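Colleague: Going down the list, the sequences are from chains L and D. Just remember that my numbering sits 6 ahead of the position in the first sequence, which is counted from 1. Just remember that my numbering sits 1418 ahead of the position in the second sequence, which is counted from 1.
A couple of the hints might just be wrong.
What the hints assert, rightly or not - Rough simulated footprint, nothing fancy, chain D against chain L, three-plus residues with beta-carbon under 8 Å: (1) 10-23; (2) 121-127; (3) 132-140; (4) 146-156; (5) 210-221.
What the hints assert, rightly or not - Simulated restraints, written as ranges between beta carbons of each label pair: (6) D/1791 / L/301: 55 to 61 Å; (7) D/1504 / L/275: 38 to 44 Å; (8) D/1606 / L/297: 37 to 43 Å.
Bear in mind the hints are in silico, worked out from the structure with no lab data behind them. Please read all numbers here as calculations on a predicted model, not as lab measurements. Glycine included, each C-beta is placed from N, C-alpha and C at the ideal position.
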Amino acid sequence: MSGILLLEQSLNGLQFGLMLFLLAAGLTLVFGIMDMINLAHGSLYMIGAYLMATLAQATGSFLLALPLAIVATGIIGVALEISVLRRLYQRDHLSQVLATFALILIANEGVRMIWGSQPMMLATPAALSGPVQLLPGLAYPSYRLLVIGVGLAVALLLYILVTKTRTGMLVRAGASNREMATAMGVDIRKLFTVVFGVGAMLCALAGALLGPLLAVQTGMGEEILILAFVVIVVGGIGSIRGALVGALLVGMVDTIGRAFLPMLFREILPPQYAAGLGPGLASILIYLLMAVVLFWKPQGLFPARG
Amino acid sequence: MIRNIAAPLALALAAAFASNVQAADRVKVGLISTLSGPAGALGVDMRDGFNLALKHLGGKLGGLNAEITASDDQFNPDTGKQIVDRFVKRDRVDFVTGIIYSNILLAAAPTAFESKTPYVSANAGPSQYAGKGCSPYFVSAAWQNDAFHEAAGQHATSKGINNVYLMAPNYPAGQDALTGFKRFYKGKIADEVYVKLGQLDFAAELAQLRAAKPEAVYVFFPGGMGINFIKQFVAAGLSKDVTLVLPGFSADQDIIPAVGEPMLGLMNTAHWAPDLDNAENKRFVADFETDFKRIPSVYAAQGYDTAMLIDAAVRAVKGKVEDREAVMKALKSVKARSVRGAYRINNNGFPVQNYYLRVIGKDAKGRIINKTIGTIFTAHADAYAKECPLK
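Please model the complete structure; the sequences and the hints are all you need to start from.
Modeller: Here it is, written out as structure tokens:
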């Protein structure tokens, strides 16, 4: 196997991992600070992608539609938090799971009623539809490079926000010990509304960026939500750093597994078994990763609560 | 409130009972297909083609009023099985048709076979039902799964392509696809890659493809999978170095409009094309465009032919659809009108027909469309028929 192949697969893994991070960042804070399981997080991702596709068609400009979709999804997220989720913080996890699962069904059917059951087309901006020659023998899709760039920038921005600003300090305080933070006079409710809004905006960003690579369709949130949960469990609930490391790990393991496991099996097994076993095992690899991490570090890699 | 519901409810009940009494003068068809999600455009086209045929037949099948119940299997084999169960037990349909995906067909069709309800396939034709496991209650108005790929393999061989990389989803039709291609392709195989059915991001697979440096790549990705694969293949700059060879499934009107210009010049294989020169086809293509404001795909053509085959069979048994054995005999022996031209049904229920080479180009109006440029197989039968014990 060549160095170029390894490099290209690493870029793919990085791109996938960064998008998972955008989803996991919001999810981990919501889970960490309010001890709230929000299954509807994936629905915000779907809503963001649909708004992006609609706005991109209406305005004819990817760049103009992106901030609009992000802000609109943020507003929807805040409205959802104030109207529904706020009532669930004091309830047990089962009620939260039931209520937010209902939200998933409502969101999916709502989207189907508004936009129909056929997937929407979201085209890559024309300037980014071709490849970029990174190295001799390696032409990489320019749009994926943009996705990587935006993902890295947002990760850096979040890191500065959480570690260097006052709001970030409050968020960390809330995540590590909610009662103590409240006792010290932090308005956790307001803080949480802000966190939830930011989480929704990150979802919309992920949905908008992944739209042209995947498909904008009902139910797109659930598939990726499961991966986002794996990420936060691996990284440690409530920790932004954990979410980043977890997301990159999951992204890399998934991509590398899909690419190299079938190759490995072909070396050691007859082809008819390798063809079935390789892809099958590759798809459970991230769950194996989760099991291994949980075995050695039951709190995840970077637990927020000491 | 209750009074408001009561009247329509009573009417509906009356209608339900009335229809039971008059069952003899109508044909009931249970149409189950994938109508939603990225995999759903195929089912929608098939359904629209079926409905256009019904319109051409004046809402009748074989002279009897047609009653169509349509259901969405949501791309889920369990849901598909439940729907067919409902069709044969509750609705007591005379025909079941419409399943697009072979994994769903393999889960759902046995329910129809057990109740001796004729299943007329408008798409999926898994090898499992073509050989030893053939069923007396199965007829296909489309093709056996391997067929387009056999034609593509033959095309690759005759073009002298000698190093092909193969890709397909890991499900029954994906395995049939690559088996079919390899049956007629004589050159070297660079690699054979299966991905998860429904996968939409091919970054990892495209990197492997680049590293393997094949002369050509043959992919069977239906529907949304095909749209994403071809877009990402072009975006990764691979289209300059690697020839893309496709079956008709990955190069038809469900995919072309979404991908656009990069599709121009791609060769693919199918049993039908919008420019096939026969009267049925001209009328079908023109009316489909008028009614649905888009060019019909191969799936729409299959839906149309399925309705025409059912129509011919019901006519042949003079409306006695309760006699299932006679209906099956008629389905296998009638000469139905077809947009693909003449075809006949083999002992295993699958068609014997021509397969064409098509190239994607522009028509007089500047739209991107498939054009026929040659015939690859004439009266081609599948390789499994001789293993089928049916006569």
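Colleague: Confirm or reject each hint.
Modeller: Tested hints:
Counting residues of the segment 10-23 of chain L whose beta carbon lies closer than 8 Å to any beta carbon of chain D gives 7, which reaches the threshold of three, so the coverage claim holds. Residues of the segment 121-127 of chain L with a Cβ under 8 Å from some Cβ of chain D number 4, which satisfies the need for three, so the listed coverage holds. Counting residues of the segment 132-140 of chain L whose CB falls under 8 Å from any CB of chain D gives 4; the rule of at least 3 is met. Only when three residues or more bring their CB closer than 8 Å to a CB of chain D does the claim for the segment 146-156 of chain L stand; here the count is 5, and the claim holds.
For the segment 210-221 of chain L, the stated coverage by chain D is satisfied: 3 residues place a CB nearer than 8 Å to a CB of that chain, which reaches the threshold of 3. Taking the beta carbon of each, residue 1791 of chain D and residue 301 of chain L are about 60 Å apart, inside 55 to 61 Å as hinted. Residue 1504 of chain D and residue 275 of chain L have their C-beta atoms about 42 Å apart, which keeps the hinted 38 to 44 Å range intact. At about 41 Å, the CB distance of residue 1606 of chain D to residue 297 of chain L agrees with the hint of 37 to 43 Å.
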